[in-house]
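Start from the sequences and build out the full structure, keeping to the hints where you can.
Okay, here's what each chain looks like letter by letter:
2 protein chains.
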Amino acid sequence: MAEYFAGMEAGGTKFVCAIGDSSGQILAEERFPTTYPQETIDRSISFFLNKKTDWDIQLTSLGIGCFGPIDLDRSSSSYGHITSTPKPGWVNANIVGPLSEALHVPIAFDTDVNAAALGELKWGAGVNLENFIYFTIGTGIGGGAIINGKPLHGLIHPEMGHIFLNPNPDDTYKGKCPYHRNCFEGLASGPAISERWNTSPQSIPTDHPAWDMEADYIAQAMSSLICSFSPQKIILGGGVMKQYHLFPKVQRLTQVYLNSYVQSDLIINHIDDYIVPPRLGDQAGVKGALALALDLDR
Amino acid sequence: MAEYFAGMEAGGTKFVCAIGDSSGQILAEERFPTTYPQETIDRSISFFLNKKTDWDIQLTSLGIGCFGPIDLDRSSSSYGHITSTPKPGWVNANIVGPLSEALHVPIAFDTDVNAAALGELKWGAGVNLENFIYFTIGTGIGGGAIINGKPLHGLIHPEMGHIFLNPNPDDTYKGKCPYHRNCFEGLASGPAISERWNTSPQSIPTDHPAWDMEADYIAQAMSSLICSFSPQKIILGGGVMKQYHLFPKVQRLTQVYLNSYVQSDLIINHIDDYIVPPRLGDQAGVKGALALALDLDR
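First to last, the protein sequences are chains S and B.
Numbering of the first sequence is given in our numbering, commencing with residue 37 and proceeding in unit increments.
Numbering of the second sequence is given in our numbering, commencing with residue 37 and proceeding in unit increments.
Any given hint could turn out to be false.
Note: identical chains are not told apart, hence a pair may lie in one copy or across any two.
To be verified - DMTMM-like mimics (lysine to aspartate or glutamate), calculated; alpha carbons at most 25 Å apart, straight line:
#	residue 1	residue 2
1	158	231
2	210	231
3	123	301
4	186	75
Think of the hints as simulated: they come from the structure by calculation, not from any bench.
Written out as structure tokens, the structure reads:
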């Protein structure tokens, strides 16, 4: 009998819900904007319940890749909640609870970026790798890491968007992050670009200096993360990275920052194979959520 | 029959050679300054050969924790060598080769900081932890990581001393690292302190502003690394951290930098249990090298 798995990418901009099979193929999918917790979670629940009824199927498990910070400690009273997010309305939002009550299935819960990294490990740019990093650069900035083939959690979970960067001397913008001056998310997220240049990133032409500054911040972050993790690859997804002209700039500037200190042929001579877009494209997040559900079943 | 293991901490300042048993107890140890490769390695070989003869024993294996960057790829022609170090005379130095030829034992080779982390995992401040970071802050700055109970290697190995920091606006010093402006090692290593203040760190009084600046740089690095790895603990060793008055300053400033974004009771309320000195003290490096030798045997 075919098994059906549920995946939910709970992003800061949009939610993506999907039902897939054990090979990761998506059989049905719905995308909608992230408004407020009750409305957005209710809409997710309706999607899954309707599909169960319409198709007359059972769901084996649900994987949720969620924007954060989130509580992953199953012994904690706030397990499955978002914690200290700057996103209005979502502080302490319970994500796992209402889905568990409505669907009665085992739930795997992880960060959106760890989920996306897992999806890329199974079916995308991370196949056959043991150690790599996945970043989303969009409304927020977050990084997930696969280490020895598994998502990294540690004490809570990484918050790679909040590493500190050196502000460009020409940059008078004070940063978007309410917690930190000069962190990666504060200087380089989509909203930071909008606020700094007083226009939407989509409307900024590709030859505008905004993109040189953006590439510089991303490259600075990549250099520090390469020195921290020594990853075999870095995958850059998210809305901002849809500006594909950023890739060659980020690749070149990362080489400039590292200055040949890390003696890797891959980084020095083939960086276009090293800092890459997600192979799963827009489906990295939701396929990652499906991957979480599949892993729970094994 | 008792087994004997050899450990060698090949540091940028000193080498420590030891013979130990399977419980990690050190039975004989010798320390000498790091001069030039042939002289220093010959002295290490003599130590091991003399002990073998004097005690009439066989060595089961040798673990080497080495300053870097080093080549850990067993399929590479420069496996077991130091690669691009700024240390004069040691570029491309072959470490494993001469020891292997002289001693005829299996050799485990890793970074000095991964070895020290492994030693702390087995017998020190990392017992019962799955994910933590060990730093040495001394002649150079390096970090090793234990992830899911194992040393992290990745593409090559981490070089955490080369993450970028924000220079203090009052700091006119240009940095000691020949590869990077503004990296952690360039701004905060022992030689950087010496050059910035034009005196040896040991002679700087504890109430001198040099230590506030040093603590600030270390705390900045710790904040970025906590956001990157979400470690369960950070162990800070090395010559500079013998200035134990730095610990409370680093702990407090790390909290200031993180600004309660990472919602961990341990970090917010018990940071003196979170950023700690090595429990193995001066023996972290050489006991770590023994731990490498022991792991090879299993």
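(message) For a quick check of understanding: which of the numbered hints are violated here, in increasing order?
(response) 1, 4
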